[in-house]
Structure formats: structure tokens, C-alpha cells
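Please put together the full structure from these sequences, using the hints given.
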Amino acid sequence: MAIFLQNLVNSLQWGSFYALIALGYSMVYSILMLFNFAHGDIFMVGGYIGVGVSFGLLALSSSGILAIPNWLILVLTILFSMFLTSFVGMIVERVGYRPLRNAPRASAAITGLMIGIILETGNLILLGARRVSFPSLIETATYDLGGVFVTNKKIMIVAVSLLLTLALHQFIRRTKWGMAMRAMAFDFVAVPLMGVPVNKVIALTFGIGSALAAAAGILFGIAYPVLDPYMGVLFGWKAFVAAILGGRGSILGATLAGFLLGFTEIFVAMIFPSTLRDLIAYSIILLILTFRPHGFFGEPYSARLRL
Amino acid sequence: MPILEVRNMSHDFGGLRAVQNYSLDLEPGQIRGLIGPNGAGKTTIFNLLTGIYVPTEGEVMLNGTRINGLPAHRIASMGISRTFQNLLLWRHMTVLEHVKMARYSKIRYGLAGAFFGTPKRKREEAEIAERSYGLLEMMGIRHLADQVVLNLPYGAQRRVEMARALATEPRILLLDEPTAGMNPEELVQIMEIVRKVHKDFGLAILLIEHRLKVVMELCHKIQTVNFGELIAEGTPEEIQNDPKVIDAYLGKENVG
Amino acid sequence: MPPPAPISRTFRARCSRVPLLGWLSGALAAVVLERFVGTPLALAVGLPKIPALFGIDIMLKKPLLIPNAVLYTVLIYLLPIAAVALSTAFLTNRLAGGLMKLPVAVPVAVHLGLLYAALHFWADVSDYRSLVLKLTMIAIMLTLSLNVINGYMGEFSCSHPGFMALGAYCASVVTVGLFVDGNYFGIALLPGETGPFLFPIDLVAGGLLAAFGALFVAIPSFRTRGDYLAIISLAFLFIVKSLIENFEFVRGPRGMSGQPDLAGLPTVFSWAVLCVWSINNFVRSTVGKAMNAVRDNEMAAEAMTVDTRRTKIVAFLFAAFWAGVAGGLFAHVLRYVNPGTFGIQNLAEVLAMVYFGGLNSVYGSIVGAVSISLLGEALRPLEIFKWIIIPLLLILVMIYRPTGLIAFKDLEVATLLRPKQGPDGER
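Residue numbers (our numbering), protein chains in the order written: chain W, 41 to 347; chain U, 1197 to 1452; chain V, 65 to 491.
Derived by calculation from the structure, the hints in this document are not laboratory data.
Nothing here was measured: the structure is a model prediction, and the numbers come from that model.
Mixed in with the good hints there might be a few duds.
Claimed, not checked - Within a straight-line C-alpha distance of at most 27 Å, the following computed DSS-like cross-link-like pairs (lysine-lysine) qualify: (1) V:K126 - V:K113; (2) V:K484 - U:K1318; (3) U:K1392 - U:K1302; (4) V:K165 - U:K1318; (5) V:K484 - U:K1316; (6) W:K240 - W:K216; (7) V:K125 - V:K113; (8) V:K450 - V:K126; (9) U:K1392 - U:K1417; (10) U:K1316 - U:K1302; (11) U:K1316 - V:K165; (12) V:K473 - U:K1318.
Claimed, not checked - Examples of chain U residues toward chain V, derived with CB under 7 Å: (13) S1273; (14) L1284; (15) M1297; (16) Y1300; (17) S1301; (18) F1311.
Where a beta carbon is used, it is the ideal one built from N, C-alpha and C, also for glycine.
Right under this line is the structure:
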């Protein structure tokens, strides 16, 4: 039982990363019906920006210019990196997707894929092959809850990701911009006629998605300090699968599917040899999609048309 | 015996009843009009008859065989063909390819022919092409055979759709507003074509049309639907004088 | 008499009168020339050896040698090709005209023979060239088969490396087991001489396995419309990769090596030709054009008697089959495979080739596969910067020609091979 609970805690943390990345895929997909294949690499870029920002703040702090405690550095790092990475996302949209808005969707997906490769390669060129590590900003404290070990980092990671998801939910429900996004997801043709600044809303969507990915990148860096340029590839594609599994454009769906993917992977590794993780996790996904092709919360592509 | 018989067909979209207790007896060689105000469910009836939607209730019989529930392509190959109100053409294909495509279910060379280009395939493709040229000739668009449909004027696109519909060798043709968006001159031409295909192929035709002139001139009998329900059926004269029709359809038009 | 046209225009006009036969003869003359005088000529113009890929690699490695490399390329390729093609234009036009009167198989065989001869002499110069050529031809097979799904059918499939892996492993297990000592059966069951005869069956088996795997993607994906194929095929790719990694029978992540040397240039060439031929046949038949009808408007296709679901499944399985065959060839060209080869990176490459060359077009796939493969090899001296240049190039192509360079064009053999000038000098 303790082992089960321990894995539950671990999978909550693991699922947080997937859930946060999946949100970005899901938002873009719901508005543009587009697979943003560069998103995984934006997660990677976010992680690296986080490293840069935190080292910068640490240097300021230790030189006494800005004497602040480490926990505040962490908070500032997350916020500031999210802010910076959102611009990366908006630039990607401006360069790679906007010129192709009237082109076949697949062509835009290909530019996204290529931008992803450029981001990975650019990282390798800038930083070389050496691994970059996230600084240890907070001391790990471990709490023993009757055989289940929980660290303060794990609690923080899960809490931050849930908080961000909730904030996104409120943003989309409550604000004017969120309403514009929902409207565009509903009907892309009519909304521009209503005076909604389409380009701004799309840029904002990419910006928010990228900021969430950056948060995931930093949280990942806190849990597993060593970053590498290709970490976005595998995480990104898996989160992409989670986003679709959740259902088109569903915030709740993407979050749940992200956590579900985390659970599946951790529990498969608990029961079977860990090399079987991908095999079993994806077989389960394939099965789910076979029986619920539009995901957990997605509308069927066309409810009325049998074709 | 009617060639197409519909008994109490109804259809729901979610909670909304779009078609209610629709019935039809279409005799071979008859031209039947289907009129009604916008949103009355006329196109939905077409989609139900051709298998694009499955009726929630009731049955559709083609030559005495029940066809509701069959896939749309099966129903089409059994002899119900149609055109679409808003021209559903294949944007990257040429005129000739459109007409040849409608022979799909009649092709016998199979996958071996498709992959390896057997002599049988060459023969059959040549046969289909010749037949298709014949149909294009009849529609007066043979000279456009190698054009991509997207580049054609609207009237020619309508003719392509008609040629394509005829290539499936239908016994019943469903025409969904064949004269929509046409000028008076084109209108006369398309009516001529409808008469001609009716005569040459001995088709039964079911026609959705907004222009009363066309319906009155072409049709032997007319049905009127409103809110998914049949409200009147009869000869053109009867329909013109039916107070319910005038209320639902003509009356509304006059006010509007 | 009209005034004499500028030289460039007369030159272009004369070039346009050369039939394909003429260009192939020119190419053959050039590579034969290189085969015999290439090395002395290279030394004479100051190059250490014959440049492997038209001098591009040398130019990038040693920019000082650019003039020498250009000179070599002009002397060995451009001049002889132009000279032979233009001077024999009259003859080759007559010949092409004569050939076209025979059954179509004859002129096709003559052209393919010439093409093969030219490639053979070109590849004969170094093992590296031979390897690049074989991999390029395999890339053509992969690109074309993916184009069937992503271009002709308008879906988005991510599972091509998976199909390739199935074919590669299936073919490898058979050949390694049967022809190499110390494997599944202890000793080699069959003498090596029977290899070339069994190899085609082996490749077809690999292709069939890939097509069988494709069923698991096709059945759930094509029940509904939408983007599910993209996700399901991606999941399939990960499953196949993971399956192989966990399968000790095929040596898991360490990969399989020691495949017998069965995939020579003639073998790969024949299979590539067979692949292009059968796919071109398929996409031009009415049965194959049904894919376009389904893509452009599925409802109209159904109403016109097209069995849309069957169309999609058949096309998908057919494409998977050829990806499997290509995988089998790939394994025997490199004589080593490991599961890591068949991942996202490979997927990105094949997708790049498809979209660069052009959707819905056999020409496009050939152009895409050849240019991206050769570019990838030629830019090798740039090391990692290669992976900035190729993606940038592709992004530019996507922005200015979103469907690729040569999209929506049918390959008509008769048009391609016909003489460009009648016997009386008319075009």
C-alpha cells in the first residue's frame, strides 16, 4: 500500500509536466486546428531560460545588489522566465505560423517541426554539448507520512502546476481575451467580423501556452536538475498525445490526460520492467482512442454527419 | 409499383425533429418537385434518402428493397444519384476525372489492375473515359474535359456535377436547387438539360427548387414541406391554389 | 529573316528540343568520362581526388578550392552533358520517336537501362557514392509512399518510420537466420548463393508485415474524420519502437548487425523503380484517384459510389507496404539496424522530403527525396549548422509554396519520354 501511495505521489509530479505542456498544445489546436510541433522545444527553451534567469538572480543576490532570499529568487525565476518564454512562443507564431494561415494545415505543422529542430540545434550551437544544471535554490526537505516519502519540491511542483491550470481556467472563463479565444475556437470565420483582433488573440494564445511550457521546464529543472537540448522532443510528443487524448481544446481534458499519462507511465514502471513503459502506455492510449476517438471531453468532429 | 417509396420517415438532430413523418411514392419516369421555405428540411430529406444521414424512424424502399441504414456509397451504386445545392466538386481534379470517378462502383479491374496497370485496366479505363466523354458531350462541356474544375465558370461547374451524377447510371436523380445562382439564360439551358436527361435515360427525378417557374414547368407532381413536415401534395395547379402552401411559402415570400 | 536571337535564348531553345533520351546519353557520357579520366583531371585542376558529390563537399570544407571544384564540375559534367545532348539531339529525337511506336515497355526499358548505366558508373568511383545513391533511392521509396498518405489522401501520418522498422527487422531476421552462421538456427540453413533469389520474397514479407501493422492504425483512425490518424499513428510509432527495444529475439536496443550483403546497386535500383512504377500506376487509376476525391470532398465521394473507407484503408496499407520494403532494403544496405534509427528524427526527415518536393506528385517526391538526401550529405562539412540550414530552407519553401515545389502534377510516362522535335524539325 505504501508503495502504491509512493508511486501515486511520484506520478502526480510526473503528470504535472505533461499536463502543463499539453495545455499549450490544446489551446493552439482548439483555435487554429493546428499541431504546434515546436511546442515541446519551447518547453526546453523555457527550462534553459529559467536556468539563465536563476543564475542571474543568484549573482545579483550574492553580490548584494539585490539581497533576497532563495525562495523569492525561485518565484521571480518562474514568473520572469514565463514572461520571456511567452515572447519566444509569439515569435514562433509570427515567423512560422502566421504566413501560413491560409495554407494547408499540414504545411504549418511542418514549419513548426522545422522551427523545433532549429531551436534544438541553436541551443547546441550556443551552449555546446555540455550539460546545463539548474541551481539548487531550495533545500530538499523530506516528510515521512507513514512510509510514504513526500518532498517539499514535489508538493511545490504539483501545487504550482495546479495553480497555473486554475489561473488559466479563470482567465479563459472570466476575461474579455479568454472569451475571444473561446469564440474563435467555436467559429474561426465569424469572429473576425465581430471586431475581435484575431492576430492579437492568436499571439496571446501562443504566448500563454509557451509561458505554461516554461513553467513546466523550470519545475522539471527543479526535480531533475540536468537539462539537455533534446528533452523537449520526447516530452513534447508525449504531451501532444495527452492533449489530443483530453479532447479538442478542453482545459480540463488536457490536464486530466496529462496526469493520466503520468500515472500510466509510473505504474507501468512499478509493475513491469521499466523498458516496457512506452510500449504499455501507448498501447493503452491506442485502445482509448479506438473506443473514444474524440478523447475524454472533445466534441465528435461532426456529430451530425455520419461520414 | 413506385421505384422509390418512403414511409413515415423522421429524423432528429439531437433533440430537434428536422423531418417528421415524410412519405413519398416516386413512380418510374416521374419528375417530382419538392418545395418549401428555407430551412424546411428539404436538403435533409435528400441526405436521408441518399444515406448520408440515417433516418431515426420510418423506412426507405428502393424497388421494394429496404435501403435505410446502408452506407451512402452502396445506396448510390444501387441507383440513387444526386447533385448538391452548393456544388460539392473536387477542387484538384479535372472535369473528365470527375465523371470517371462516378464509375467507381462499376470498376472491375480491382487492386491488381490499380497497382500493376494490367491490360484489363487499360481497356476498362478507356471504356470509362469514352462513356464519360459521351456525357460531357451531352452537357456541352466536352471541350473542358482536361480543365481543373476550380477554374470553370459557375454554369459549367453545375454541368460537371450533373454529368457526374449521371455517370453512376442512376434510376433516380435528386437535384438540389439546380438553378441556384443562375441567370435567366442559363436557367433555360439547365431546364433543357433536365428535360433531356429525363427523356434519354428514363429517369425518375426529385427536384428541390426555389424558382416556381421551373417547378411548375418541369414537374408532374409537387410536394410542399414546412418545418420538416409534408403539408401538401398534388399537381402544379393544385399546389398553386392550395391555401396552406400559399400561407407557408408563397404568402411568406410576398410579405418578405 | 528574323534577327539572331541572343545566345542564352538560342541555347535554351536548343536545350528544350533535347528529349530525355538525349540527356541520359549525355549523363552516361559524362560519368564514363569521369570513370576513366576523373582522377588525373582532378589532380590536374588541383584537387586531391575526385570530388564525391559534385564538389559541394570540397567547397564547404576548403573554400579556397571553390574555383577548382567548379572547374572540375564544369569540365566533367556540364560540358560533356551539354555537348553530347545537344549534338545528338537530332539522332536521339529520331530514336525516341521510333521507340515510342513500340509497346511502351520497350522505350521505358531503354531509358531505365541508360539511367542505370549512368548511375552505375557514377557510383563506381567510390563506396561512399554508392552508399549515398542507395540511401537516396530508399528515400525516394519512403517519400513517395508517405506522399500517398499525406499528399494524395490528405491525411497526416506519423508512423512511417514504424512501418520501415517492421520491414527492416522482418527482413533482417530472415536473412540473418537463414544465411549467417551462429544465429537463430546455429548454422546457416541455406547456402549464401540462394540469397539473391530469396531476398525479394524476404522484402515482400517485410512489406506485408508493415501493411499488417498498418491495419492497427487504419481501423481505429478511419472510422471517424478528423486528425486522429496523426495521433494514433504517432502512438503506433512509439509502440513499434518500444516493442523492438524490448524484444530480445531481435537484440533489443543493441540492434541487429551482420545482414548479408544482398542489397547491391542493381537490387536497390530495381526495387525503387518497381515502387515508383506501382505507386504511379495506382495514383493515376480511377481507383487511386478516389483518394483525391475523398480528400477534396468526402461527402461527394460517397454520393458518387466511392467506398471511402475502403479507399483510405487500401491506400494506407499500400503505402505501409512500400515503407516496409524500403526498410528491408535499408537494413541490408547499412547491414545494421537499431531501434533508435526509427524515431522522431527519421520522421522529420521523411516529412521534410515529402513537403519540400510537393504534395500529390510523383515528380515532387523524387525531387524532394533526392534534393534533401544529397543536401544532407553535401552539407556534412558544416556539421551541426546543417540542421539550421535545411529546416530554414524548408520553412521558406512552405511560406512561398505551401504545397511544395512540384505539387499536384501527374507523371505521364509517354509525355516524359516523347521526342521533343519531329523529324522535319518541328516541335
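- Query: What hints, given by number in increasing order, does this structure fail?
  - Reply: Hint check: 5 fails alone, others pass.
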